[in-house]
Amino acid sequence: MAVPVRTKSRRRQQVEQAALYPLDWLEERSGLVGATKYFLFRKVPGDISWGHTLGSATLTAFLVQTITGVILAMYYRPDPDSAYESIQHLTNEVTLGWLVRGMHRWGASVFIILMFFHMARVFLFGAYKYPRELNWIVGALLLILGMFEGFTGYLLPWDQTAYWATIVGVNLQGTGPFVGPFLVNVLNGGAEIGVDTLARFYAIHMLLLPGAIFALIGLHLWLVIRLGVTSQPWSPEAAGAGEPEGPKPAREGLVRQSRGGGSE
Amino acid sequence: MSVQRRNPQGPPGSAKHFPGKKSPRVLQREAQFKQYKADVQARGKPFYPWAMFHDTVMSLVVVIVIIGLACVWYFTSGENPEDAGWLGPRYAEPADPGTTTFVPRPDWYFYFLFYLLRIFKWPDSVILGTVGIPTLLMIILFALPFLDVRRERRIIRRPVAATALVLTAVSMGVLTYKGAAAEEATAAGEETFDQIMAAQNLPEEARPGLELYFQSGCTGCHTYAGEGSSNLGAPDLTAIGSQQGKDAAYFQRYVANPREFGNEVMPVYQTLGEENLQALAEFLEASKGGG
Amino acid sequence: MEQHGPEPQPHAPPPSLWPVGFAVGVAVLLTGVVVGWLVAAIGATIALVFGFLWVRDVTGRAPHAGKPPPPVGARAATEAGHALPLADEGEIERFPRSRFLEGATLGLGGLIGGLITVPVAGLAIVPTFVGQKHEDVDVGPLEAFPENEWQVVTFMEDPSEGEVSRRTAFVRSNGELQGQPSLTILSNRCAHLGCPVQAAGPLDEAQKETVETSNTVVTRIPANPAAFACPCHGGAYDTEGNVTAGPPVRALDRYAYEIRNGRVFLTGAYSVGKVEGEGKDAVITKYDLMNPGLHVDGPSSLLYPIGPPR
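These protein sequences, in sequence, are chains R, X and V.
With my numbering, letter number 90 in the first sequence gets 90, and the count goes up by one each step, no holes.
With my numbering, letter number 285 in the second sequence gets 285, and the count goes up by one each step, no holes.
With my numbering, letter number 265 in the third sequence gets 265, and the count goes up by one each step, no holes.
FYI, nobody ran anything at the bench for these hints, they're computed from the structure.
We treat Cβ as the ideally placed atom computed from N, Cα and C, and that holds for glycine.
Treat the hints with care, since some could be wrong.
[As the list claims (entries may be wrong)] Heads up, simulated DSSO-like pairs for lysine-lysine below, C-alpha to C-alpha not over 30 Å straight-line: (1) R:K37 <-> X:K34; (2) X:K178 <-> R:K37; (3) R:K43 <-> X:K121.
[Claimed, not checked] Incomplete in silico selection of chain V near chain R, CB under 8 Å: (4) S165; (5) G194; (6) F265; (7) G293.
Start from the sequences and build out the full structure, keeping to the hints where you can.
Structural data, given as structure tokens:
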């Protein structure tokens, strides 16, 4: 028995066609519309949890950082003699400057916390195992880069906290065997923290690291889309659960082999 | 290098590109992944709107938290670096490379490393705390998927992973907390002295000693009335005067030469001079923790 | 007649560059009209030469004029009946252009990459190692440092860099050693990780002086430290800079000094292993200046065999 379908009025059809025409135009020439539809309507396991939202929450925090950072760059002056004043001016006098600066400063902490939580969730779910090993490595790299972003950004206000925390942090890296002292020179822009250090840290913080982080996030998301999101391992209807067909591994014995009893 | 016009092994990505026999383990995990894909196709839900809804809600929470923190931080603090609010000051004093009074601290997410440095206080072990342990942990972090090759994903059946997770979380939490709580030996001003005089019920004669105490670097290792930092096992001195057998004469001798009393760690303050040592001693004797 | 190939068209000259050369010559000539006669002459010559060659080509007196262009590979093969072919092995050997082109592409690409990366990476790294020497700093007349009294002195280590180079030192005059004034000048950067070390003793803020010397602004505060203590991780030093407690890995760094015309000049800093003795009799084991946290002696110093130039 066919399901009755409401026939659309001719007018409605015309409107829909008009709306769809630009999308078709774009799709024929670039394939972007199809890609977006694939991303949006792809299937994910039906039993994913709130824990799975941590990844996108981290991305949101990073986007907040990027956008607020770009705006802050319009007011910040990366020179030891004027950096502090520019921060004071921005915080106290510029309309809504306090809000954007506050969002950037606290967004950094939130970003780092969320990265750790996301990492813990992935670890808990065993979602770093085959075939997602590469994604874990990319994620670990993002963690390191994110913390380095925090370290370089900390210097920018050029107040006491910033200056001395950076000195200790750079010297800490200098204790690495063999290359430590050279690393200190490269980071400091000289033998000691000086006129070049602030500009160097600014360039690293604004350009080098965000570029790398964006590229890696792109790779990270691509891998998630390609490899799929994992189910909760203990969920009764986990995707991939149950014994798959195929040869069993030869080894039996005292150690209880997990023959894929968990879900994929 | 010869130009290969035809690829006899088949298009890249196909199994023919990397010929060789696959072990049963590899075949099984590939089969399982295939099963997973099939399950998702059969029973999965579209990302939009099911998963994306949850993601959006969580992202909204994140943005609201960030804005909330920014507002609290701004509205509870003032333009002056000393007007710190609930979430700290808007900025500290301008950078002073020649300072002798500032106590450096990193951002909170580095507190665990910071406290690690306080743990490794023997000169030869410093490198362990600065680069040794962090590097080792980083290597384990990156190599994790190759260290744990079992396919089991339920945490109940992964005792090593569960232990590692709990241990890591707890130790990072403890180290971060201790780093945060590590008190700072900041310079004190008149108000601090007034407060302490009142809070500790100190007699007026103890005031010169109190000021000297703060100027002589004692706060670098000792805590007193909530000020100062605790380093190298130095005891809290708030109620030191109420301990048995410790009077001004005792304190004067001790501070002048701690070596006499078996203390190899504390600096020798002989050169402060009789007058200063006496003032300090009177102050310590009067410190009976009377609050 | 048997088959013709395609009708011979009115002869189209093979592709050539002579018109381009002619155009270049004309352009240079016109430029020369503005710039100078020499340029114009050069332009005229080029235009004449290329123009001659062009005309010769067009009028068919060039050696290969008259023949139809040799068939391009695809056309030949098509005429022979194959589908769009791949170059066969024989052709590859006879025309190793593909290999040449591959090699050239990779080689040139590598060259471009190098040309861009080397200066850029060089700029990021090399200047941080060269030109690190400072000029000598004048911290005041010798009389400003009374004998056996400590002063907390701040100065700009590199006056050309401004306030960012301000450093603090603990200075004490020790009288004279073999006719020369002896000073103990300790850096206040902790040898553990660089935190600012504090004097363990009262500072006489009321007597603080801020003085402009010949190349920097110096502040001096008399002090009476019994020792030096670092608040970060509990490092402690005695009055010669030796470590008495805590994690610092060596003694406090010192500044070398010279007395010129009765004024004290700081000529550079150095690291210290250990100091035996006190004051003017102190025997100091001296090392090149190293970053905080690096051992200068003992087995751990093998981890840092060479340091960057200072």
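How the hints compare with the structure:
| no. | hint | in the structure |
| --- | --- | --- |
| 1 | R:K37 <-> X:K34 | holds (23 Å) |
| 2 | X:K178 <-> R:K37 | violated (49 Å) |
| 3 | R:K43 <-> X:K121 | violated (54 Å) |
| 4 | S165 | holds (6 Å) |
| 5 | G194 | holds (4 Å) |
| 6 | F265 | violated (19 Å) |
| 7 | G293 | holds (4 Å) |
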